[in-house]
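Trainee: Could you fit the two chains together into a complex? Lean on the hints.
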Amino acid sequence: MDQSIKKVGKRKINFSAFANVAVFFTFEVLAFIAFSLGTSYILYSVLSLVLLIVLLLVTIRQLNKDGLATYAFFLFPIFVYGLLNALSIFSQDSLFVLNGLAFLIPIGMTCFAACGYLVSAIKSFNIGKALFVIYSALAILTLINLFATMIEFAPFYTLLYRDKYIYYNGAISEVPISQMAFALLGFSVSEVSVEYFSLFPSLLLSAVIPLFFLKFKENKTIFLLYTGYVFLGFISLLMTVSKITLISDFLVFIVVVLVLLFAKFNWKGKILKIILIIFGCFFILGFIVMFLNAQEDAAGLFASVQNVISNNAILDRLFNGNGLVIRYNAILNWLMKTNSDGQFVCLFGFVHTSDVYPSNSWFFDNLMTSGIFGSIFFLFFVIVGIRRLIIYFRQSQDLLPYRAMLVAFVLSFFAFSLINYDATPYIFSKTLSPIYLSGPFLVVLFLMSYAIYQTVNNKKNMELDLSHSQVVKTPISEEGDNQNETISL
Amino acid sequence: MKRFLYKASLILMVCGLTACGYSLNELYDGDSFNSINFADNYYTRWDSDIAYKEAKNKITNPGVKTINLDKSTDYVFTKFSDDNFSLVEPSYHNYIYNNDYSETEDESGLYPYGPNNNLSDIDDSFRYGFISRLFDGELFCDGNYEKARVQLNTNGFGRTLNKELYSASYFAISFKTSIEFRRVAQNNDGDEINIDIARWWLGNGENLAHTCDIGLTINFYLKNENGYERVPIFYEISDVPCNYSDDSQRTNYVLFGFEIGNSVETLSRCAGISIEYSYEDDLLNQMNADMAAKNLANASNSYFDNHESDRYLYGDEIQHSILLYEVMFPHSIWH
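Line by line, the protein sequences are chains A and B. In terms of our numbering, the first sequence opens at residue 54 and continues consecutively. In terms of our numbering, the second sequence opens at residue 146 and continues consecutively.
Keep in mind the hints are simulated off the structure, nothing from the lab. Do not take every clue at face value.
[What the hints assert, rightly or not] Ranges of calculated distance between the beta carbons of each label pair, as one might list FRET restraints:
no.	chain 1	residue 1	chain 2	residue 2	range
1	A	310	B	311	52 to 62 Å
2	B	454	A	351	35 to 45 Å
3	B	333	A	394	31 to 41 Å
4	B	289	A	340	35 to 45 Å
5	A	224	B	239	25 to 35 Å
[Unchecked claim] Coverage of chain B stretches by chain A, computed from C-beta distances (three or more under 8 Å per stretch; other residues unrestricted):
no.	segment
6	168 to 176
7	267 to 274
The beta-carbon is built from N, C-alpha and C at its ideal position, and this holds for glycine as well.
Chain B with its partners taken away, still in its complex shape (with noise of 0.2 Å):
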């Protein structure tokens, strides 16, 4: 009997040390995630058991209709100063938006949204792996570029998570949208180079900010015994600020979201989420129909003899994207 007690524990003990690796599960190189190229940058993950466009998932509901949402009815918002956000958000008239620096109170009392009603600090299991980015309380780019955001392009990402929603009131998140403003890529003679973009396009010093369309589609996967049923909504955002500089108000950041408990009945066990998106933007679609054209027009105009690497667009078409900064689930209680 000892003996068996001693050969029992000995191989518990092996295979507590050998069957685990919990952190092993994202591993990434240390300048990943950290390109000027939007290409490099797109967080394209979808988790097997929620690609619900691949054949193999485990959704349960794959015929399921997408809900349009309704901004009337479902208090969507698109902005922090929306009147339905002041609806939906039980504080709001203790929040200050702008701001994302800290969690404690400004000098005039008010509290900064994001910080305070981050995800990782609701639940401890929000502080790991890449998308620990978008629970961070951090709404905007503050100079960080590529280290704060999660780039999306219009296939989304889709992650299963580690714990259930319980019950929330509404949902929101925090982008902004650009093109591409810059491309490292190799020229005719296989150096590498720092093209900017809008230099390229304009023939001067200015930037590209333009308005465009935006369709997001945004499933929440709830959890169930043989799955995950699968919630779409889909909303249409038009006017978004495309490429504008940042300024003091947050002007060109969408905060979108909407009011649990209308044409989205219920969030509870919400163990999943997905964010794609479709986009109109003329702009763009001009660039890269005149591409060609642009490089030749560029070849003779004297602007670039004192910017040579901005006279060529080497490379793909131009990119779409958005950047995402935050999704929130604010006053949320999670299993």
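Chain A with its partners taken away, still in its complex shape (with noise of 0.2 Å):
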């Protein structure tokens, strides 16, 4: 009798059986970032490491241990680069959004590629409702600005009143109105930028891809659900359509249809694979070319480079003559700047100043929020994951179309912020808000995470789907007794 009473004393909490309520937890995190609350990043680190314990506590003891060092070396450069952003000169500076509490950036990252890692091992969680409730938040999100937009303005006022002005708080927008569009951004509707604008509706565009895998008889209201947020996408698009929006959401497009071809007719890409290979070295010899045309007062390589560019009418448009290169060029110049002690202090971050604005690209703000260092470790971190995301998306046992839903958002969410991340949302705002600080990149963060728990544990999920057949023949007496169960929604 005493034995039993102590062993019901000794008895630990099983939180393996609050799966249900730790996914449920996830869905709604996943929902409240995507619903971008624009700035409030506190908010999402917070939620962040609330949601990690809760998840740790959940899967601890089911946790596959295999995975965990290709998983550290997917983890450690985006913590890296966190760290950088966290001692960045560009985040000391009292303008920042984070202004003294820039440790949070490491650990909000890491938190949630941690929780998207993480929630892979619970057997309820569904990839297919994580992207549903993605997109759900996303599309509620850009009804909501479109409806602002409109009532601000009026159907393609980006086209019609290109050169025109309001006057706003007592003086002259700083931009026409082509440029401004309306956006909710921490539960109040401000004064964005389109480019910041058009983020969200062209990650929509990649709710296409569902559409040319569901039937619409055996899924009615999802397929609809898609089908609407496509549109909505594609009307938010065309009502603030400019030329930079254009050249963005055709690279987006082409993300889109690649991925849904390589899906479909389920091609290896070997072809693709040279292609990528030469538009890589290409971009690399370009971007040593831009870089060495961008150093101003330079002398001896760096000159005869320069020279030839401006000598050659094709090569000065296109390394100088165009407004991306130009912002380009001046961060790249500023970068190798030294202090009147001859440091390169621009090295490890800056502040944007009146001769240097962001670039409105991840690539190059980067190298002014977190200098080069940071840059690197980015550039690391997003060439790993891109790789796990292939990995990915052959071998996962995930449904085909929420594989290429999942890679074709990671990819369109690059591609497009390549050159229209809207580094300034508030169209009235001098600030420089970096990439991290996104909500869409924090869900990307998360997503890539999931994808990479799901290559390096795939073997193992096929065992324990065998063993999960015969566990649940067996009779469970009381909850948490068997070590095995298994939950699903």
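Mentor: Right under this line is the structure:
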């Protein structure tokens, strides 16, 4: 009798029984972030920390430790990137939105990445439902943004009123209304630039993928909702179309079409791989030339390259004479500036000035916000992450349309943000908001981590599936008695 | 039924997307109201509902008599240092007048008057449109020239407001007066030249500082069921500084205002305002009368050998203007 009482007293809480609650909480956090609260990174960080604790408690017993080394290989660069951001000259500026709380940057990012990994270990977590939550939240956000923008302006105002300005709070707007839109930021609808606005509908475009796989008669509601999301995204982009959004949306379109083709026709992609390698080489070569060309008052090799470029009309247009490259050059030039002691302080990030505006590209803005070393780690994280995404796409047991959606969402985000990530969402603000503060980026981080778990635990999952089919036949006497208990929604 | 709901929601959506355009009411070119020439900067917009001089408007009391404000009974003030102002402003001793750069208190613990009583801070609806310049808390030019002011000719402007006044204890405006001091015009050769009018008139590098008399007519439009009830007030201010350079004490600015509740019984439900003025300016009259003679005299004046662009004044008569910086209903509530 005494022994039985002692046994009851020693009994520990089995947190794995709360898996459904953890999954529900994860969905809520994902929706909350996809619903984008603008610069509420402090809130995001706290949420990610709480979610991580919950997921750790729930999954600690069933977590497969085999893939942790691979995962650490992915997590390490993003943590170092966050750390370098927290220490960078940029985040020490008093105008920085996290002034005094920059230590939250690596915490928030690492926690989100860990959450994506841990939640994958829960059987009841369904990536299809997670994606549906994310897209639904994005669609609601886009709808609110579109309505607010149309109430303020009118359809096609970006084309109709290209050079017209409005007055606000005593001053003429810094940009014409064709560059202004409205978006839900921090629970209020605020003036943002068209670039910031267009990220959300552009991401919605990738919701077209499941429409090529789902059968309308069997999934009427889901099919109609995804159709609505794509339509909404398209209409939003149409209403606010501009030259720069056309370029970035073209990139997104290519990404979505490629993913769709790979998924639909089961392409192996050998030719694409060769094309990508060639493009990659061109990109690296182009970047080196751009870097050499951007250095002002240079001599030797730098000056020779600059002369060659300026004497050739096409190269001059490509490397000097367009709106995008002018901003990129300014950042690359500033990066190599020295202070009065001859030290290259800007290598560790710098604050934008009237000479150096944000470039609206995560690739170049990273040089400003996290410095050269932070940028290298971020690039490393992107390359490792994308490689893992491709493995996930080919090998995961998730349903094909959801795999394709996940990959398309992540790639669309990076493609769009490569040339059109709006660093200053507020029209009337001069401060730069880096990519790591963006809600969609955190969602991307979560999805990439999820995909990595799926790739490193693929075999284990298959084994678990087999054991699961046996376990469900075993009668369960009491809650928590059965250690092999799995939960499904 | 379902089809009907789908169609209805689709129509609603289309209507929602096309029926608005709130900010498109006021669109401007990038360089609007930013000209050296007075004539290009006048803000002359009169909203049709309150255009009381036009045949068509929504004024419900067309024959209303103008209220001539009385300095003592209406506590009219024309300067910050005016005793009447210290009587109508309950926090008078907590304010500093000559600083409008920020809202925060200065080293002596005083708060800048303008930035702490501006309408755009009282209600967000005052942040929109060109006349938001009048509600931003900037009482003075501060070197921003055309970008800071709303420039009026004698016909003034009249605008309806998005909100209605619920309560306010007094009304105030901040302005200064000026005659044209520069003009961009074409000379006889068709070249565009920038003329310094003071130099043209005086034949030296001094300014045109003088005084003039101003007759202010301000109409308040109180909303009612059928339109607007017009409440016109008039006040004459003598010896207003004109074309003086700015000094740290802002002595050439006028802070005009009066207490509500005396001659003007109430401005409750005020949802529109218009400001016009008349002036008496002896120097300006003389300059306009002698324009041709001055041009003739300057032709042989050797001073202009080094200032050739200022030798002749081209174009129409020299103009007079009120440079209006702020319109205030301090401590007011708007619905």
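Trainee: Hint by hint, say whether it matches the structure.
Mentor: Tested hints:
no., hint, in the structure
1, A/310 to B/311: 52 to 62 Å, "58 Å, holds"
2, B/454 to A/351: 35 to 45 Å, "43 Å, holds"
3, B/333 to A/394: 31 to 41 Å, "60 Å, violated"
4, B/289 to A/340: 35 to 45 Å, "43 Å, holds"
5, A/224 to B/239: 25 to 35 Å, "28 Å, holds"
6, 168 to 176, "holds (count 7)"
7, 267 to 274, "holds (count 3)"
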